[in-house]
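**Q** Based on these hints, arrange chain S on the given structure of chain C.
Protein chains: 2
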Amino acid sequence: MHFNPCLNAIKTYQAGRPIEEVVEKYGIKPQEVIKLASNENPYGCSKLVLEALQKKLSFINLYPDDSMSALKALLSQKFHISPENLIIGAGSDQILEFCVRAKCNEKSKVLMAGITFAMYEIYAKQVGAQVLKTTSHEHDLEEFLDLYAAHKPEIIFLCTPNNPLGECLDAKAVEEFLENIDKECLVILDGAYQEYASYKDPKKALDPKLFERFGNVILLRTFSKAYGLGGMRMGYGIAEKSLISQLYKMRPPFNVGTLSLEAACAALGDEVFVRECIAKNFTEMQKYKDFADAHGIEYLDSWSNFIVFFCEGKRLNSSALAEAFMQKGIIIRDLASYGMNAVRITIGTEEQNLKVFSFLQAFLS
Amino acid sequence: MHFNPCLNAIKTYQAGRPIEEVVEKYGIKPQEVIKLASNENPYGCSKLVLEALQKKLSFINLYPDDSMSALKALLSQKFHISPENLIIGAGSDQILEFCVRAKCNEKSKVLMAGITFAMYEIYAKQVGAQVLKTTSHEHDLEEFLDLYAAHKPEIIFLCTPNNPLGECLDAKAVEEFLENIDKECLVILDGAYQEYASYKDPKKALDPKLFERFGNVILLRTFSKAYGLGGMRMGYGIAEKSLISQLYKMRPPFNVGTLSLEAACAALGDEVFVRECIAKNFTEMQKYKDFADAHGIEYLDSWSNFIVFFCEGKRLNSSALAEAFMQKGIIIRDLASYGMNAVRITIGTEEQNLKVFSFLQAFLS
Chain C
1 MHFNPCLNAI KTYQAGRPIE EVVEKYGIKP QEVIKLASNE NPYGCSKLVL
51 EALQKKLSFI NLYPDDSMSA LKALLSQKFH ISPENLIIGA GSDQILEFCV
101 RAKCNEKSKV LMAGITFAMY EIYAKQVGAQ VLKTTSHEHD LEEFLDLYAA
151 HKPEIIFLCT PNNPLGECLD AKAVEEFLEN IDKECLVILD GAYQEYASYK
201 DPKKALDPKL FERFGNVILL RTFSKAYGLG GMRMGYGIAE KSLISQLYKM
251 RPPFNVGTLS LEAACAALGD EVFVRECIAK NFTEMQKYKD FADAHGIEYL
301 DSWSNFIVFF CEGKRLNSSA LAEAFMQKGI IIRDLASYGM NAVRITIGTE
351 EQNLKVFSFL QAFLS
Chain S
1 MHFNPCLNAI KTYQAGRPIE EVVEKYGIKP QEVIKLASNE NPYGCSKLVL
51 EALQKKLSFI NLYPDDSMSA LKALLSQKFH ISPENLIIGA GSDQILEFCV
101 RAKCNEKSKV LMAGITFAMY EIYAKQVGAQ VLKTTSHEHD LEEFLDLYAA
151 HKPEIIFLCT PNNPLGECLD AKAVEEFLEN IDKECLVILD GAYQEYASYK
201 DPKKALDPKL FERFGNVILL RTFSKAYGLG GMRMGYGIAE KSLISQLYKM
251 RPPFNVGTLS LEAACAALGD EVFVRECIAK NFTEMQKYKD FADAHGIEYL
301 DSWSNFIVFF CEGKRLNSSA LAEAFMQKGI IIRDLASYGM NAVRITIGTE
351 EQNLKVFSFL QAFLS
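Protein chains in written order, with UniProt numbering: chain C, 1 to 365; chain S, 1 to 365.
To be clear, the hints were calculated from the coordinates, so they are not data collected in a lab.
Be careful, since some hints might not be right.
For chains that are exact copies, the list does not tell them apart, and a pair is met inside one copy or across any two.
Claimed, not checked - In silico SDA-like cross-links for lysine to any residue, where the CA-CA straight-line distance does not exceed 25 Å:
id	residue 1	residue 2
1	Lys56	Met326
2	Lys183	Lys314
3	Lys78	Asn317
4	Lys47	Ser69
5	Lys109	Gly128
6	Lys109	Asn180
7	Lys11	Gly215
8	Lys11	Glu184
9	Lys107	His2
10	Lys55	Gly128
11	Lys152	His2
12	Lys55	Asp207
13	Lys25	Phe59
14	Lys11	Ser242
15	Lys241	Asn8
16	Lys183	Gln130
17	Lys29	Phe177
18	Lys25	Ser76
19	Lys125	Ala9
20	Lys78	Lys241
21	Lys78	Pro5
22	Lys11	Asn105
23	Lys172	Leu300
24	Lys25	Leu141
25	Lys280	Asp290
26	Lys56	Gly329
For reference, chain C alone in the conformation it holds in the complex (with noise of 0.2 Å):
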């Protein structure tokens, strides 16, 4: 059977892999796995959004409210916006879908950095968009604004701070990139890690209100990374009314389920947990930047939840020390995929913490 030719060059994505393979393939115990692949929050989630829940399971029979109301008067009262300036999505993820879906066809143009995130990658060639990549890894926007006047793309990805490399532009250096770009060309910031990094330095800290200057900007921010709500894909994306209204015409109904719905409402009602839980992130990354600078590991600074080990200068292949990490039931994200030779790992919880660093030095010895 012939499908659309665009399909012929889409590879599919590699998620970072589940407790159950290692359960299955090592014979570890569940409970012993520790999980640091997939930027998720090593805390859980709020005590709120479990009690929110346990009141919500005898309705899972029913749709959930497709009009999202309860959950966009939260939203709105957090960014003093209009609730018709968001859109919710099965994780930021399905919002950067429905971007690409509406603004690109085999005829457009996409713009991103060297490495960032896979999905902007995949979804623009799941319409046939050509990609275009900065040659530095990094987010570098001179190299941006020149490719952008080269090739005039209907999107630019802006990844703030950038997965899988943790580094962040400061808000003003994008506003004034924001400057030079024309109202045709869709500028997505994907904030999935924006909580973290604004701890860590508040120049990080994105304008939600960015749309008011720039109408042809979303800015993305996600209940999976800091909320602790991976597992329940809940994302959004805020801008102007008329950009949002376009993009609703790309979602499906009931996009997100009756429970993920009540967990992002209650999971906004506990902000301290959130912070106490980024405090933690960046009191532990410390240690993952002690224990590199004393054994001489390359790694790139990070104003996310996870940190970036180099391999190279250690003579080691990443894939081999990821599948070595796996082997002792210890999950870390091989970057191989992203033409790197290197790993990503999840800052996880102290305990967590010691064992990776406990592992690694006899690895390495």
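**A** Just chain S now, kept in the frame of chain C:
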């Protein structure tokens, strides 16, 4: 900002109205609202599901197992197929979307019944495909064959039983139809209500292994209806391996949540619950037919968990009737958006249905 031109033709899907809207608009207590607009299972879900979810709540910070191997194993066992014949979606809706996006573009045509599930048309229009419909409202396979021969569409949708009308093709008629369709044309058999139809009449039961004879066929099933998991967004498709692997290219990672996977697995362990719900459904549906006969209301016989009452013969307006119901806290589905002066009512519990009859009787007199 410019968007893909096909967006101009897209109308947003009008979902069944949520309980929250009735509460807000008419000041009715949530627990007193009766929701019979979206064909959910009025008996909730299996207790096994609730127990399984209780145990899984503390893992919602973690992304789901994206291989979905546990659920695929259970479904493979149930249908005597390989896990590679399965794709899991956020509702079977999402698999419809994968199919359309994989096969169609602005040069494509799709074919469907005159009145059928509204999302077929919306997904087709999202990629700019041309929508062909039979003049017959219900599925008339002769007319399908004529239009197929004349237009050679990329996709044919058969909704069996058909939502929102309730009629259902015989499995044998579907198989004979498939014999006449070229293998380049994807035939989507939407079996969202198959559990109901095959209980009422085994002749309606589509063979899950149809793909062994017809590589161009995908059968869709859902947990949203008989299994009582509408709020969890879980459905699946069964097809030939090579077709599944193409559809996988359109699947975003983590497209179903951690609790949704858990709920589906648990639900498959309690087929007794499902059968009991379906038995009650048809006992209660008989009361709707008796009521309609007694009051001279025209209706369509149904192989699902809903029934269509026509308004014309009673000189009623379906929108006004639905609104009057809503003021009393009963949500039913106005079919005006399908171009019909009729309402679709989900068969509720005995208590809920008595309230429907009582209100309708008062309204008619």
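**Q** Are any of the numbered hints broken by this structure? If so, which, sorted upward?
**A** The structure breaks hints 2, 3, 10, 12, 17, 21 and 24; every other hint is satisfied.
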